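Colleague: As given, the protein sequences belong to chains A and B, one line each in that order.
Start counting the first sequence at 1; every next residue gets the next number (the working numbering).
Start counting the second sequence at 1; every next residue gets the next number (the working numbering).
Note that these hints are calculated values from the structure, not bench results.
Quick caveat: nothing in here was measured; it's all calculated off a predicted structure.
Be aware that one or more of the hints could be misleading.
To be verified - Here are the computed lysine to aspartate or glutamate pairs in the EDC-like style, where the Cα-Cα straight-line distance is at most 20 Å: (1) B:K5 / B:E44; (2) B:K64 / A:D162; (3) B:K93 / A:D61; (4) A:K41 / A:E27; (5) B:K82 / B:D28; (6) A:K151 / B:E44.
Claimed, not checked - Derived coverage of chain B by chain A (criterion: at least 3 residues anywhere in the stretch with Cβ under 8 Å from a Cβ of chain A; other residues may be distant): (7) 55-66; (8) 83-95; (9) 119-125.
Unchecked claim - In silico negatives: residues of chain A with every beta carbon more than 10 Å from chain B: (10) A44; (11) D59; (12) G143; (13) K152; (14) D162; (15) Y176; (16) T181; (17) K185; (18) S202.
Quick reminder that beta carbons are idealized off the backbone N, C-alpha and C, glycines included.
Residue-level listing of the chains:
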Amino acid sequence: MTIKLYGVAMSTCTAKVLACLHEYGAEFELVPVNLQNGEHKQPAFLAKNPFGQIPALEDGDLTLFESRAISTYVAEKFKGSSCDLLRSQNPKEAAVVKTWMEVESQQFSPAISPIFYQSIIVPILYGGSPNQAIIDESAAKLGKVLDVYDKKLSSSKYLAGDFYSLADLHHLTYIYYLMKTPYGKLINERPRVKAWWEDISSRPAFKKVAPGLTLGDKN
Amino acid sequence: MAAIKVHGSPLSTAVQRVVACLYEKEVDFQFVPINMAAGEHKSESYLALNPFGQVPAFEDGDLKLFESRAVTYYVAHEYADKGTQLLITGSNKETAVLQLWAEVEAHQFNSPASALAWELFYKPIFGKETDSAAVEENEAKLGKVLDVYEIRLTQSKYLAADYFTLADLYHLPNLQCLLSTSAKKLLEARPHVSAWVAEITARPAWSKVLAMQKQ
Chain A
1 MTIKLYGVAM STCTAKVLAC LHEYGAEFEL VPVNLQNGEH KQPAFLAKNP FGQIPALEDG
61 DLTLFESRAI STYVAEKFKG SSCDLLRSQN PKEAAVVKTW MEVESQQFSP AISPIFYQSI
121 IVPILYGGSP NQAIIDESAA KLGKVLDVYD KKLSSSKYLA GDFYSLADLH HLTYIYYLMK
181 TPYGKLINER PRVKAWWEDI SSRPAFKKVA PGLTLGDKN
Chain B
1 MAAIKVHGSP LSTAVQRVVA CLYEKEVDFQ FVPINMAAGE HKSESYLALN PFGQVPAFED
61 GDLKLFESRA VTYYVAHEYA DKGTQLLITG SNKETAVLQL WAEVEAHQFN SPASALAWEL
121 FYKPIFGKET DSAAVEENEA KLGKVLDVYE IRLTQSKYLA ADYFTLADLY HLPNLQCLLS
181 TSAKKLLEAR PHVSAWVAEI TARPAWSKVL AMQKQ
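Only chain B is shown next, with the shape it has when bound in the complex:
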């Protein structure tokens, strides 16, 4: 039995973020499905793992963590010598650049991207009506963020370095949603962003995450 357990649903972007990291690091883990439709993520036993009642929850032996960006950060450090190098090693100044672009994902990209994913990708799945005003507002916001990314990606092959790191990985779940919606035009309109998206979504570890959704 693997020491690492991930509790969640394959449809959740936050869960996908953690699973993508584990696949990149080639670390064994056990996936424990949580039945969100039945409210299992609000049960007493689940709240003991994640007191905010959200997925994922993560265990490595007796260490219990939550928040996908904290979990992935832990995995990337703890298993630094396995699989893909997802961190920037070197001086404090060099590693700070990874923190910076991880924070950009969390505070600039995530809000409009996940709002669009909700409106255009998830709502149709759940049979809910898309709010076109919310779509328009968030497309404008995301466009401005992607303008900054377009310039950044002319200076650097990936966001934080000339190799794939956690900062790029954090974007994968929402980008994948956007690619199958009308919002993909925002990505396609910016050549460096478009190339970066194509590159990172083609990674074998990400294909394994997508395969989980089909099971």
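This is chain A alone, in the form it adopts within the complex:
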């Protein structure tokens, strides 16, 4: 029985999971959810994710939601292959990976998501004007977070150590979209962050995901 991932390829959270699935070469089916028709708020989808958000995952009798819980499940499920994104065999390394996963979740994401929302979602999905005050405030916060990253990346190649992990992977989709806005400069102005971004975004697994990240592209 194949893994089913319910979501859309252009969504940052769905694509985060897609990148993880591709790293492990996992077989899965992407089941589209029609957001425009409000499918994610209908009873059939709410039965999978009562918070009415994509993605959701089904693997046999298991249903999961929250992209980071899903990616962690995928990494645990395919543990023992040559891909090791959680470093579960080494408790100290695993703890540092978990720390930087929490950093992405609690420091990075809250700073970058308003920039993404105002710059891309508001104009494209709602035909509105970006709120520059919100963008500026978030850009200042994100800059401070990335200053910490720049310093950390002077002592290790990736965030949790000299190995690529889920901590790095979880950043891919938001940064990809950020680079489509003028705020990509926040990445480009910090040499070690820029080098890290160029490295992680050139991974084959991400190259399979990036073409689906089409929000904001002119048709």
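Starting from the structure of chain A, add chain B where the hints point.
Modeller: Frame of chain A; chain B shown alone:
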């Protein structure tokens, strides 16, 4: 001297999360107070422990960690055979349910709950004025989250399992704040949520965390 050190302030919800876990696991630790009013959490020596200049910072021997949910996850695994079992053991599918509800706390519950704790609990302590629009907005958000919890807690005694786990523990600090504010009505209005809150806040390990604030 205990190998484990927690640096922080007893008033911080993130610090309380870590200390609650250590008490549940019955693991010795040394609490190192950080004088936040004096800006000690932004000093060079503290930034070496937590580069984001936030509390807590955690040490276990030469391992240095931060972010309360990462620290508690490490403690629960490293000391799995001591104290309360805070993890779900078993198949990947079973353990995934813990990850799920831990993420729900982090991404659905924490934002409105901590915003309300800030407006209704902390601001009065610091002599600042409560923003009633922020209160109204976050009460509405938290209400919707708690509606999902109410249904979940009819299916499961605790959030992730039929026993207390990290997923429940993560909620304690913000719930405790809310209980002493007008926002407690959101908890009281939902019988399963109310019973769950009463149960988890009555745990002896949590009482020890509250006792720290009185020192």
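Colleague: Honestly, which of those hints from before does the structure not fit?
Modeller: The structure breaks hints 4, 9, 11, 13; every other hint is satisfied.
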